[in-house]
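Protein chains: 2
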Amino acid sequence: MIVALAGGVGGAKLAAGLAAILPPGNLTVVVNTGDDFVHLGLAISPDIDTVTYTLAGLNDRTQGWGLADESWHFMSALERLGGAQWFRLGDNDLATHVERTRRLRRETLSAITADFAKRLGIRQHIIPMSDDRVSTMVDTDEGELAFQDYFVRRRCEPRFRGIRFDGLGDALPSTGLIAALEDPALEAIVICPSNPLLSIEPILALAGVDKALRHRSVPLIAVSPFIGGEAVKGPAAKIMRELGLVPTPAAVAARYDGLLDGLVIDHADAAASAPEGLRLLVTDSLMRDAPDQARLAQEVIQFARRCG
Amino acid sequence: MIVALAGGVGGAKLAAGLAAILPPGNLTVVVNTGDDFVHLGLAISPDIDTVTYTLAGLNDRTQGWGLADESWHFMSALERLGGAQWFRLGDNDLATHVERTRRLRRETLSAITADFAKRLGIRQHIIPMSDDRVSTMVDTDEGELAFQDYFVRRRCEPRFRGIRFDGLGDALPSTGLIAALEDPALEAIVICPSNPLLSIEPILALAGVDKALRHRSVPLIAVSPFIGGEAVKGPAAKIMRELGLVPTPAAVAARYDGLLDGLVIDHADAAASAPEGLRLLVTDSLMRDAPDQARLAQEVIQFARRCG
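Protein sequence lines, in the order shown, are assigned to chains B and U. Going by this note's numbering, 78 is the number at position 78 of the first sequence; the sequence numbering is gapless. When you read off a place in the second sequence, starting at 1, and then add 1000, the result is the number in this note's numbering.
It should be emphasised that the hints constitute simulated quantities derived from the structure, not laboratory data. Any given hint might turn out to be false.
Stated by the list, open to error - One side only, chain U facing chain B, incomplete, derived with CB under 8 Å:
no.	residue
1	Arg1080
2	Gly1082
3	Gln1085
4	Asp1091
5	Val1098
6	Leu1197
7	Gln1298
8	Gln1302
9	Cys1307
10	Gly1308
Claimed, not checked - Derived SDA-like pairs: lysine to any residue, alpha-carbon spacing no greater than 25 Å straight-line:
no.	chain 1	residue 1	chain 2	residue 2
11	B	Lys118	U	Leu1081
12	U	Lys1118	B	Ile44
13	U	Lys1118	B	Lys118
14	B	Lys118	U	Gln1085
15	U	Lys1118	U	Gly1064
16	B	Lys118	U	Ala1084
17	B	Lys233	B	His39
18	U	Lys1211	U	Ala1270
19	U	Lys1118	B	Gly41
20	U	Lys1118	B	Trp72
21	B	Lys233	B	Arg80
22	U	Lys1211	U	Asp1149
23	U	Lys1118	B	Gly64
24	U	Lys1118	B	Trp86
25	B	Lys238	B	Gly64
26	U	Lys1118	B	Arg80
27	U	Lys1233	U	Gly1169
28	U	Lys1233	U	Lys1211
29	U	Lys1211	U	Arg1241
30	U	Lys1238	U	Pro1275
31	U	Lys1118	B	Gln85
Claimed, not checked - Covered stretches of chain B, as calculated for chain U (at least 3 residues, CB under 8 Å):
no.	region
32	30–44
33	76–83
34	92–98
35	115–129
Note that beta-carbon positions come from the ideal geometry of N, C-alpha and C, so glycine has one too.
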């Protein structure tokens, strides 16, 4: 059993690679929910949906988010009625949000996520980090912004000054997350190439998770989200620079504060400052397609075993 | 100024005819909201939407409800996730429900309906009968059913035994409805060819409406929804028969209990039992297309003036 901690697109890609090479049922993907928000009265879980759609093979590979073969009639009709246009919801994607919102009145996000995954033919476990509300708030030079305001509406343009996870103090990790970390069959924990600050740190900051990870008996490795000091997608590198950090392997390892047994980095970062006292795997970490994902996943698993 | 009381499709057709022949702004359509319900967490107002889409020229004339050129991607995606299929929401139509649901947290249904109408280019006034919740409950031989359960899910198959408007005792008529009835410029009130029991009686039963109508100084006429003892659309005739009533002009007039100055009926019903002490206009009341709607509207207005 492998546990992968993931955010959005990069995490979903490595999760898909791991799903391709591991026996069905031997992968648990724990997904950030700090980006979750309510839009048009609908409960949106962007990272959960990216991982789910990707593992189901339904994701749009061109735009990098949402569903392939999506249509946009709802958005056009909404525009005609004066509705908000800044966050785009496809007609198919909308079914996920409407049905989730309806079911959340009586069920946990964990239960709904598991059921959606099953219905879409996914045989791996997808688990939200928490069933409680955690809202990422971004402190910028234009004031504090809710994450999607910063990320989508403002396209990460304001200067990043810090981050706050509203509700984190009262949130419990999901029972599935704790069960996965305590599973006797657990072999390794993999932090996917997701944004350390925005996607992974909220998971690590949940009550009890840091402690469980520090008392683990299995290797914990991370895959750096940077290639040549830049993120493949998203604002990770921009954010780190705006915090005065350099997006190097050493900086990634520092974000995980002594937790790691090993770090996977790209050839392009081999010359950058490396973390001390940590095993390194230097490889081609760009995942262009499914074979890339499976190959990187295979290397990651083998590396994790060597780190044990 | 003409006030029309309307339910769904039949009422919307006559309202469209009235809109075509009256100066813009001289028509107020008061619409039943007893069919309103919450589905998938969304506030659905079927009659309001039918009237709005019809006056905007966006209605689907073939199926008789919803929007023309509708697409159904949302429903397909919802089916994949195990969501309810019995009430079908088109991708474009969905924008109305999502945006209305969102806005209802801070605004009245009246305000939202007026704004949607304006945005869709409608120059007539569309007013919900009430801004409070009224839910039509149908007593059948299979027990009491919420209206849409009876009407859509069960396709009106259970035997109709009676009707109850849940919430009606606490509901106030909308301020727009009262203002329209008190407007000094009011010339006539027209009850559209809608289901008397399901669509018109909830409007009439609102506190103060019956009294205002009985103290009116303008003619009040109704257009029978029956042609040859059958409804053009919907269960009106079936329901009346199941209540032991015969769908005749006399029965329609009786439902309105002495309120009417005149009744418009179809040639096909001219031989059926006529109400006593009431002016009758016998005409072709089937509205196949826009010219039919305008012609009937013209006859209705002229007849209403003669009833004054």
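Hint check results:
no. : hint                     : result
1   : Arg1080                  : 6 Å, holds
2   : Gly1082                  : 5 Å, holds
3   : Gln1085                  : 11 Å, violated
4   : Asp1091                  : 4 Å, holds
5   : Val1098                  : 5 Å, holds
6   : Leu1197                  : 31 Å, violated
7   : Gln1298                  : 31 Å, violated
8   : Gln1302                  : 36 Å, violated
9   : Cys1307                  : 39 Å, violated
10  : Gly1308                  : 39 Å, violated
11  : B:Lys118 with U:Leu1081  : 9 Å, holds
12  : U:Lys1118 with B:Ile44   : 30 Å, violated
13  : U:Lys1118 with B:Lys118  : 44 Å, violated
14  : B:Lys118 with U:Gln1085  : 19 Å, holds
15  : U:Lys1118 with U:Gly1064 : 23 Å, holds
16  : B:Lys118 with U:Ala1084  : 17 Å, holds
17  : B:Lys233 with B:His39    : 23 Å, holds
18  : U:Lys1211 with U:Ala1270 : 31 Å, violated
19  : U:Lys1118 with B:Gly41   : 23 Å, holds
20  : U:Lys1118 with B:Trp72   : 23 Å, holds
21  : B:Lys233 with B:Arg80    : 32 Å, violated
22  : U:Lys1211 with U:Asp1149 : 32 Å, violated
23  : U:Lys1118 with B:Gly64   : 37 Å, violated
24  : U:Lys1118 with B:Trp86   : 22 Å, holds
25  : B:Lys238 with B:Gly64    : 19 Å, holds
26  : U:Lys1118 with B:Arg80   : 11 Å, holds
27  : U:Lys1233 with U:Gly1169 : 29 Å, violated
28  : U:Lys1233 with U:Lys1211 : 31 Å, violated
29  : U:Lys1211 with U:Arg1241 : 29 Å, violated
30  : U:Lys1238 with U:Pro1275 : 21 Å, holds
31  : U:Lys1118 with B:Gln85   : 19 Å, holds
32  : 30–44                    : holds (count 3)
33  : 76–83                    : holds (count 7)
34  : 92–98                    : holds (count 6)
35  : 115–129                  : holds (count 4)
Hints 3, 6, 7, 8, 9, 10, 12, 13, 18, 21, 22, 23, 27, 28 and 29 from the earlier list are contradicted by this structure; the remaining hints agree with it.
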